[in-house]
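Asks: Work out the full structure, taking the sequences as your base and the hints as a guide.
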Amino acid sequence: MPTVAPVDVDGFVVRAGFLKSSAYFASGEGDILLSGNGETRIRVHRSGLLAAEPLVDGSGLITSGDDGCIYRCADDGSSELVAERPRKWIDLIAAGPSGAVAFASGRVAWVHLEDGREREFQHDRAVGGLAFAPKGTRLAVSRYDGASLWWAGTDGAPVEFTWKGAHLGISFSPDGKYLVTAMQENALHGWRLADRQDMRMSGYPAKVKSFSWSFKGRYLATSGANAAILWPYHGKTGPMGQSPLQLGTRPDVLVSAVACHPKEDVVAVGYQDGTILMCRFEDNAEVQLRRAGKGPVSTMDWDREGVRLAFGTEAGEAGIVSLQD
Amino acid sequence: MFKYLSLSAQENFPPLSQTADVVLIFATKRPAIRQAIGPSAKPESFAMSATQDAQAQIPVTVLTGYLGAGKTTLLNRILTENHGQRYAVIVNEFGEVGIDNDLLVESDEEIFEMNNGCICCTVRGDLIRTVQNLMKRKNAFDAIIVETTGVADPAPVAQTFFMDDDVRASARLDAVVAVVDSRHVLQRLEDTEEAEDQVAFADVILINKTDLVSPEELSEVETRIRSINPYAILHHSERCGIEIAKVLDRGAFDLDRILSLDPHFLEHGHHAHECAPDCDHDHDHHHPHEHDHGHHHHEENPHSVKGISLTAGDLNPEMFFQWINQVTQVQGPNILRLKGILAFKDDPQRYVIQGVHMIVEGDHQRDWKDEEPRQSRLVFIGRDLNWDVLKQSFQACAA
Chain A
12 MPTVAPVDVD
22 GFVVRAGFLK
32 SSAYFASGEG
42 DILLSGNGET
52 RIRVHRSGLL
62 AAEPLVDGSG
72 LITSGDDGCI
82 YRCADDGSSE
92 LVAERPRKWI
102 DLIAAGPSGA
112 VAFASGRVAW
122 VHLEDGRERE
132 FQHDRAVGGL
142 AFAPKGTRLA
152 VSRYDGASLW
162 WAGTDGAPVE
172 FTWKGAHLGI
182 SFSPDGKYLV
192 TAMQENALHG
202 WRLADRQDMR
212 MSGYPAKVKS
222 FSWSFKGRYL
232 ATSGANAAIL
242 WPYHGKTGPM
252 GQSPLQLGTR
262 PDVLVSAVAC
272 HPKEDVVAVG
282 YQDGTILMCR
292 FEDNAEVQLR
302 RAGKGPVSTM
312 DWDREGVRLA
322 FGTEAGEAGI
332 VSLQD
Chain B
8 MFKYLSLSAQ
18 ENFPPLSQTA
28 DVVLIFATKR
38 PAIRQAIGPS
48 AKPESFAMSA
58 TQDAQAQIPV
68 TVLTGYLGAG
78 KTTLLNRILT
88 ENHGQRYAVI
98 VNEFGEVGID
108 NDLLVESDEE
118 IFEMNNGCIC
128 CTVRGDLIRT
138 VQNLMKRKNA
148 FDAIIVETTG
158 VADPAPVAQT
168 FFMDDDVRAS
178 ARLDAVVAVV
188 DSRHVLQRLE
198 DTEEAEDQVA
208 FADVILINKT
218 DLVSPEELSE
228 VETRIRSINP
238 YAILHHSERC
248 GIEIAKVLDR
258 GAFDLDRILS
268 LDPHFLEHGH
278 HAHECAPDCD
288 HDHDHHHPHE
298 HDHGHHHHEE
308 NPHSVKGISL
318 TAGDLNPEMF
328 FQWINQVTQV
338 QGPNILRLKG
348 ILAFKDDPQR
358 YVIQGVHMIV
368 EGDHQRDWKD
378 EEPRQSRLVF
388 IGRDLNWDVL
398 KQSFQACAA
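Those protein sequence lines, which keep their order, are chains A and B.
Using the numbering used here, read the first sequence as starting at 12 and increasing by one per residue.
Using the numbering used here, read the second sequence as starting at 8 and increasing by one per residue.
Derived from the structure by calculation, the hints contain no laboratory data.
Backbone N, C-alpha and C define an ideal beta-carbon position, used for all residues, glycine too.
Going by beta-carbon spacing under 7 Å, a handful of chain A positions derived as facing chain B: (1) 23; (2) 25; (3) 195.
Replies: Dropping the structure here:
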């Protein structure tokens, strides 16, 4: 039976997940809780914390706040300032390969490379999201009316992808073949990079705010409907002409967060009422991991082995679900 | 339900506007129109959810006004007065006058057009982003104040609080407050559509710097403002010296409070001052329909904004909803604001309605009292509207 170990967090849980040796919970009020061998609470930002992302190698966490600072917090609770943009609210960050960190505010995105160099990428309109390509230091920036694909380390014009409207969250497929954005309208947009083919995935009753690629990148799981919607990406032509899986359907509650299992075709589905289910792709079998709580599930992530799930809600509830006793 | 479309050019995509041009939001949970009206409807459940939402939603006050009118002065007065409230302040430009507040966000105006550029689906993307970020720190503040740029169109700001589901869930628009400089406002109104829109859109208008004009000039200013917006509450001030309670927590978009704010709304259609007995304001008693007669030279301009009040007795709800749908669909871009209290045939409850461009929301409010005349009244503020046709077609909805 899955067991839930609650964790005490003081505000909106912006991001929860696992580093190498501990679970982390980052709260909007500014506290970061590291829970491994004992609990460590750190507070790096002067006021609120707006975003947090684990480093690719799991050695630490990148955080940004309304003080304009970006910090790197290590597993042991130590922290260092990565970059600062006074007076800016840095609400978008991404961690890339070889220690690169991207961050954005308003219409500008920056990349801080591991050797300390910083590069600035200007856009005409608002930036909505940031994502590093799975290989190489390419940075995708979703923006109003499309997305821009930059080489993070060198000069040069970006490759522009155009589609009218405001593009928010952005993600590369793990094989690097597709770029997908969530829009202000209740739809996903995507491009096949090889031939710039447009893809539009619609039908959502709400905005898509959470994406997760399944094991081996076979499916893209998304929130924004009363079930987790999983678009197939394993065929030669991706989701074209296919209909998505709908897992964990509940009649009147929207899915607010999704997290695919790292080793199996299983997805953790978090709902607006705080419930968390685990659903198997093959037969839609469901296991309840957490009962309803006080607020919508805002974040979830699995550990590398796929035996523990860290979660947090907008109402400041958080915990670790263990699948093994 | 979920469809996948693969396209090479955006033009091929079926326009979303076919379904989304008109957004009708009836009651909090957006039930179909027929659920929200008629004697068989059960408004209690909607009313209850509205109450719960209202408690969770952070109130938002929008300050508009031309550069130099005194927005920042008013903002600083609100922030420094000892009221125990903590505000998050969103500004578009750091002006010359500093703003002293812990939670101050600078935000570049980002107009997001949705659904093929429909004016009524235009929102402020930066506000959506900022409000969502603020919601990660809900414990840090009690209310939000948005200061717009001098030339801002207030409609996208207001529409953001109705069109975006996430913002709507966490914040509610309390009122749009316009600050005008009594020395310059007449010239501004002649020169720019933005100034006119700001006055037309406002729930509260602060006529500022009254010490710098003569009583005659002030009266002319007030007459002109009333001709654009007969329904806003007007206040006079020197250096924005005004009681904060007259500006904040107005509930101007709150259907439950349309009447409590304005007890004469139904009877006369003019604004109600809430002044102390020693108040020296002009309590003008313009009746809105007077403005149809073209007495003022400003109204010779057919493109200027004006307000109008339509009245009828009991209405046929089916005809009314069909009519309001059609009017807002076709003329939405020209309708800046609308408010109404309606009597539907065989319905013991008053139905209240308010709207911005094409976004209209309505709900049952309470039972008609025995002494109240069952009268339907609907007020529009707009430009280039054919008032005679509107009047006739509204009256044709009578039961």
